[in-house]
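*Asks:* Make a model of the complete structure from these sequences and hints.
There are 2 protein chains.
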Amino acid sequence: MDFSRLFSPESIAVVGASRDPGKIGSVILKNLRITYRGKIFPINLNTEEIQGIKAYKKVSEVKDPIDLAIISIPAEGVLSVLKECERKKIKFAIVISAGFKESGSSGLKLEEDIKKFLKTSKIRVIGPNSLGAINTSPSYNATFIDPNSKPIEGRTAFISQSGALLSAIVDDATLEKIGFSKIISIGNEVDVDEAEMLNVLLNDEKTGAITLYMEGLEDGQKFIKNAIEVAKKKPIIALKGGKSKMGAAAAESHTGSLTDNNTSYDLAFKKSGVISVDNIDDLFNFMRDAPNLKIKSDEIVIVTNAGGGGVITTDALSAANLKLVKLSNNIISELSKVLPKEASLHNPIDILGDATPERYKEALEIVSKLNKPIIVIFSPQETSLPIETAKEISEIRLQNRDLPILPVFLGGARIEKAKRYLRENGLPAYSYPNEAVDIIRGLYVYGTFTPPVYTAYNKNKTKVPKVSSKENLFGLSAKTIFDKLGIRTVSGVPFKNEAELQKAVKKIGYPCVLKIASNSIAHKAEVGGVVLGIKNNEELKKAFASLKAKVNENHLKINGYELYEHANKDNRQNIEILLGAHRDRQFGPLIGIGLGGEYANLLNESEFVLAPIADKDINEFKNSKIGKIISAAAKHKVFDELVDYMISLSKLMESNPQIKDIDINPIMTFEDEAIATDFKIYN
Amino acid sequence: MDFSRLFSPESIAVVGASRDPGKIGSVILKNLRITYRGKIFPINLNTEEIQGIKAYKKVSEVKDPIDLAIISIPAEGVLSVLKECERKKIKFAIVISAGFKESGSSGLKLEEDIKKFLKTSKIRVIGPNSLGAINTSPSYNATFIDPNSKPIEGRTAFISQSGALLSAIVDDATLEKIGFSKIISIGNEVDVDEAEMLNVLLNDEKTGAITLYMEGLEDGQKFIKNAIEVAKKKPIIALKGGKSKMGAAAAESHTGSLTDNNTSYDLAFKKSGVISVDNIDDLFNFMRDAPNLKIKSDEIVIVTNAGGGGVITTDALSAANLKLVKLSNNIISELSKVLPKEASLHNPIDILGDATPERYKEALEIVSKLNKPIIVIFSPQETSLPIETAKEISEIRLQNRDLPILPVFLGGARIEKAKRYLRENGLPAYSYPNEAVDIIRGLYVYGTFTPPVYTAYNKNKTKVPKVSSKENLFGLSAKTIFDKLGIRTVSGVPFKNEAELQKAVKKIGYPCVLKIASNSIAHKAEVGGVVLGIKNNEELKKAFASLKAKVNENHLKINGYELYEHANKDNRQNIEILLGAHRDRQFGPLIGIGLGGEYANLLNESEFVLAPIADKDINEFKNSKIGKIISAAAKHKVFDELVDYMISLSKLMESNPQIKDIDINPIMTFEDEAIATDFKIYN
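Heads up: the sequence lines are chains E and F, in that order.
Just so it is clear: in the first sequence, position 646 is 951 by my numbering, and no numbers are missing.
Just so it is clear: in the second sequence, position 456 is 761 by my numbering, and no numbers are missing.
Heads up, some of the hints might be wrong.
Identical chains share a label here; the pair holds if one copy fits it or two copies do between them.
Using 30 angstroms as the maximum straight-line C-alpha spacing, the simulated DSS-like pairs for lysine-lysine come out as follows [stated by the list, open to error]:
| # | residue 1 | residue 2 |
| --- | --- | --- |
| 1 | Lys406 | Lys722 |
| 2 | Lys335 | Lys956 |
| 3 | Lys722 | Lys335 |
| 4 | Lys406 | Lys642 |
| 5 | Lys575 | Lys550 |
| 6 | Lys455 | Lys722 |
| 7 | Lys921 | Lys575 |
| 8 | Lys482 | Lys455 |
| 9 | Lys599 | Lys847 |
Bear in mind the hints are in silico, worked out from the structure with no lab data behind them.
Here the structure is a predicted model, which is why all the values come from computation and not from measurement.
*Replies:* Structure, rendered in structure tokens:
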């Protein structure tokens with residue numbers, strides 16, 4: 306749908322505009338008066354005029370059409386105002402009012418009522434509990450941030466779930482002269498959410514990069530879908546608050562949104578090409594530079610006038626899994642012609658402490674030809690000329706518009722002006738090497754992102770069974786489902802008594818395994834419900850007797866017994882694998898594969914992918930530690946089989962939304978086959 | 306020895322003082338004239354007067370005693386000037402001159418000559434290739450950094466191996482008003498090195514914390530020894546350049562020092578209580594705050610006026626392995642009396658967006674009683690009063706001088722003055738939560754550091770054999786050494802021919818293992834030199850024949866053959882361990898223990914400790930992942946045995962400095978014993 310009237314309204318009503326300068330409705334009106342050139346209609350029941358503008362009692366009293374309503378009145382009145390706005394055919398409303406789900410159950414009720422109304426209405430709503438929104442071109446500031454924090458125009462959009470962080474960041478950005486295209490405090494997301502806002506910003510020509518502060522998502526799959534589309538055109542950079550368990554608990558206590566843990570967000574960001582940052586300062590650097598830099602290579606050139614600076618930068622590159630370009634003999638020979646003989650011609654290129662601006666220029670001209678990202682380190686030394694050096698760097702950039710040049714100017718007073726010069730000329734300018742490296746790392750991941758492709762997933766023609774049970778399924782009751790799914794499992798037969806057991810063992814043979822059957826006891830071995838390695842009838846009888854005794858003794862609730870073949874007959878097993886699935890509240894099914902058996906808990910080596918499984922997920926799994934362990938232990942065929950099982954499990958989870966978790970552990974891998982031997986489905 | 310005349314000289318000679326303002330000798334003289342109140346003697350062969358001061362041709366011409374000589378003349382002349390200084394009984398010289406080992410073989414020769422001279426002389430030398438040294442009280446600046454970068458007095462000392470980084474950091478510190486006690490550009494360390502400088506600063510009352518930028522060390526053990534002594538009194542914070550392999554290569558190309566990799570430095574820093582930082586900005590924050598903060602707890606309180614700020618801070622604490630204090634009901638009840646009902650009373654304590662300075666004060670007064678580190682988040686919101694809030698925070702600090710309070714003021718223009726106020730009042734003031742968290746993490750590690758104790762090491766009474774061989778020792782020739790060392794090994798017998806083999810197998814029994822004996826072939830299995838699981842005489846004969854054939858076929862250089870017992874007779878083995886040692890160039894022996902067998906290379910799970918092994922090394926090993934894996938697989942006794950083996954190996958490496966590496970792999974662990982089955986000593 307068309308959001309142009311949200312960002313370019315011809316008229317704005319401020320419902321709850323106030324004459325009291327301490328009131329939010331007064332600050333919003335003031336900010337609008339300073340920044341907005343369209344018509345403003347203050348709405349207030351008790352006043353004729355506010356801040357020199359004629360006021361109206363209701364939006365319906367306004368004769369002119371209204372594009373956008375900013376609502377800042379007590380929570381209880383918001384729904385009826387929205388209904389009025391709908392009647393007045395106002396297209397967009399931003400609800401500033403707080404007192405909704407963030408403040409407890411009565412607020413939650415008010416919010417639910419608004420949601421219900423919005424289902425059948427045409428008006429689109431941002432908030433409630435929003436700080437407002439800002440556009441810089443055409444300009445309006447419909448927020449209650451301090452009027453002294455004046456956002457300037459730039460090419461970065463910022464969507465924030467925290468109003469306080471938004472105002473802090475905007476304040477800092479004003480000081481640092483970082484510009485924005487649009488700033489949206491997304492609030493409680495009763496209607497418009499981050500995912501939809503991404504879609505809006507996708508086609509916004511004024512926006513070159515989108516930054517996000519988020520704490521939770523209602524619809525993770527929608528976010529991924531939209532983010533993938535955006536990532537084809539512009540980078541998204543997200544700071545997710547509450548990634549740690551401790552942080553998630555903190556987030557829960559201050560907003561209404563439940564947050565999940567690290568893994569699912571990391572996977573979702575990776576899947577959709579979103580650059581994930583951990584700290585506000587990182588987010589800040591991306592706000593400044595993401596629209597202006599394109600990084601397509603992970604091989605970096607360093608030009609430095611300080612050896613130590615080159616060393617630290619190289620350490621930082623290494624920690625970020627980036628590389629140094631290996632310079633060709635040609636380049637080295639060209640460098641040798643312009644640099645003193647003491648210079649180090651190998652990357653990092655040390656052009657020495659007495660480097661003049663011209664020396665920087667000559668070295669940069671040569672390495673520009675490589676078309677790789679260049680980090681330029683400048684440390685103010687005795688004869689250094691900071692501004693002049695900055696000018697030469699800008700010149701090089703002018704000649705190579707698409708070349709990513711990242712100057713790092715170490716020092717304080719002596720280099721301040723030079724840094725300002727660089728920034729005013731559209732270049733980054735960092736204080737420390739790791740800042741440049743973090744930017745390169747993030748933009749490289751984005752720059753080489755490709756949308757997911759599902760060849761293997763589509764090739765897998767497994768007929769996915771429908772799981773009708775609402776109960777947990779353990780043992781044979783789960784095995785039948787995996788059998789249908791095409792996963793190779795051990796043979797097993799249910800039985801109730803000695804006579805059935807004797808029939809069962811004729812099918813299964815020796816050695817065999819005896820287990821209790823139960824859909825409530827998840828860990829049968831722990832209650833003594835498993836006997837392994839039964840070699841003959843005598844042992845079998847003894848095992849059954851002891852199992853029955855255990856059941857009586859511990860009053861175990863069982864559905865009967867199960868007899869399995871012993872998969873690892875002649876100790877030929879290599880390693881044990883576990884294959885599992887978990888339904889994430891935000892992002893849906895996660896498929897996990899890891900070391901099983903005794904190493905499972907000790908080493909905690911596993912790899913997760915988000916369903917549906919894409920080709921590149923499979924590729925990454927192959928190159929992961931656990932992927933390599935499996936490759937080393939089993940043949941190619943077995944490895945491919947396990948990958949296929951992952952896809953099948955992904956499909957099972959997608960078609961059966963009531964399944965919460967799946968555990969197949971262990972899958973015994975042999976040189977040329979893999980056999981699942983224990984099974985659990987949690988519904 | 307007494308270094309007081311280095312830092313409080315009554316007179317300074319500047320050898321190479323110059324009238325040419327572009328020359329280093331001119332800048333040094335200028336810096337001294339501005340900063341130093343003692344007598345200055347410019348030394349220059351061709352001038353009578355420089356910058357208005359009488360100049361001398363040689364130090365010997367000066368009648369007065371001279372405490373310190375600053376030497377800035379071409380490299381070739383330095384040795385003879387040092388000899389003159391020695392004759393003049395000058396106690397200290399700082400050699401600024403470059404052109405020594407950093408510039409190639411002829412420079413290296415000059416440096417070696419100076420070293421030789423210094424062995425028998427009394428003068429103590431810093432440099433060459435130093436930028437100089439600075440003291441702030443009493444004041445002198447004997448460097449050639451830009452006179453506009455004026456270091457101010459503070460309680461942090463800074464020792465740097467990179468002159469360029471030093472001048473950049475001093476410039477930045479001047480702007481940010483960070484003070485120093487002493488600044489030393491340590492140069493090529495021909496005489497005084499970091500370790501000795503630590504010793505000097507240990508008893509310097511003006512120094513409360515020591516910061517280091519280092520790229521390499523000549524004598525790692527001396528560094529550790531001195532650092533441990535310093536750590537008892539004041540924190541050391543080190544940024545090690547060239548930690549990564551890539552970075553080490555970069556360091557090598559720009560200084561003379563070879564650097565080693567990550568592990569050994571990390572272990573050395575841990576052993577000696579040194580706080581290790583990775584980035585210049587971290588080092589910078591420690592420079593400012595390390596002398597003023599004592600952190601003894603890893604449980605933190607957060608007080609915030611922004612929910613999002615609390616969430617991000619909690620994420621950062623979690624990532625740094627720190628915790629949130631769990632507030633008692635008493636504290637919660639006290640908080641509830643002063644905070645609005647919407648406030649979150651659980652840590653992080655959210656005192657809401659409209660928090661007044663008084664509300665900060667009241668909340669802080671309550672949580673101060675916990676005596677835990679407090680992070681105070683301030684985000685500038687509509688009604689916030691930054692300065693007044695800063696004042697209340699300072700008040701709380703005044704009442705609790707030892708309480709670590711770490712304010713984080715988010716934002717830009719609106720909070721600048723408040724941050725300055727905090728810093729002027731001796732409090733930290735950070736822009737981002739992760740900065741406060743990094744400081745707490747580092748100072749907590751330091752604050753809970755205890756010097757190593759060697760109870761277990763001393764209790765181990767192993768008679769350490771002397772290894773005389775200069776060749777590598779593989780197989781039985783190494784086994785005898787480990788046997789003497791008390792490590793339990795498989796039985797093995799050497800033999801040359803069929804007859805000896807038959808005798809050997811009578812001792813060893815079946816099943817057995819046949820190997821070629823060679824001190825040059827490290828990986829015998831790879832050349833087909835091993836036959837496992839021989840069950841009877843027939844198989845034995847066949848195995849020996851095939852081994853002989855392989856030797857002939859591949860022209861293998863062998864010393865004979867070896868027959869071993871098969872340790873894992875009835876497949877009762879649990880896991881395979883590898884135990885090894887490596888001699889690090891800087892820090893001496895490293896002892897490593899990890900997973901052996903097929904998992905060794907795949908999982909790369911191992912733990913390293915620096916010899917000699919301290920009690921806390923053992924403790925950490927027990928709590929490490931690999932320690933837990935071993936505990937789970939074997940009995941207590943076996944675990945203790947392995948720990949004892951590590952100590953023995955440590956002693957073997959210490960007593961036999963020609964041993965470069967040791968590999969015992971695998972050690973098979975059974976439920977109640979551990980047996981080493983393959984052995985290599987690299988000399």
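*Asks:* Check each numbered hint from earlier against the structure, then list the numbers of those it violates in ascending order.
*Replies:* Hints 1, 2 and 9 contradicted; others consistent.
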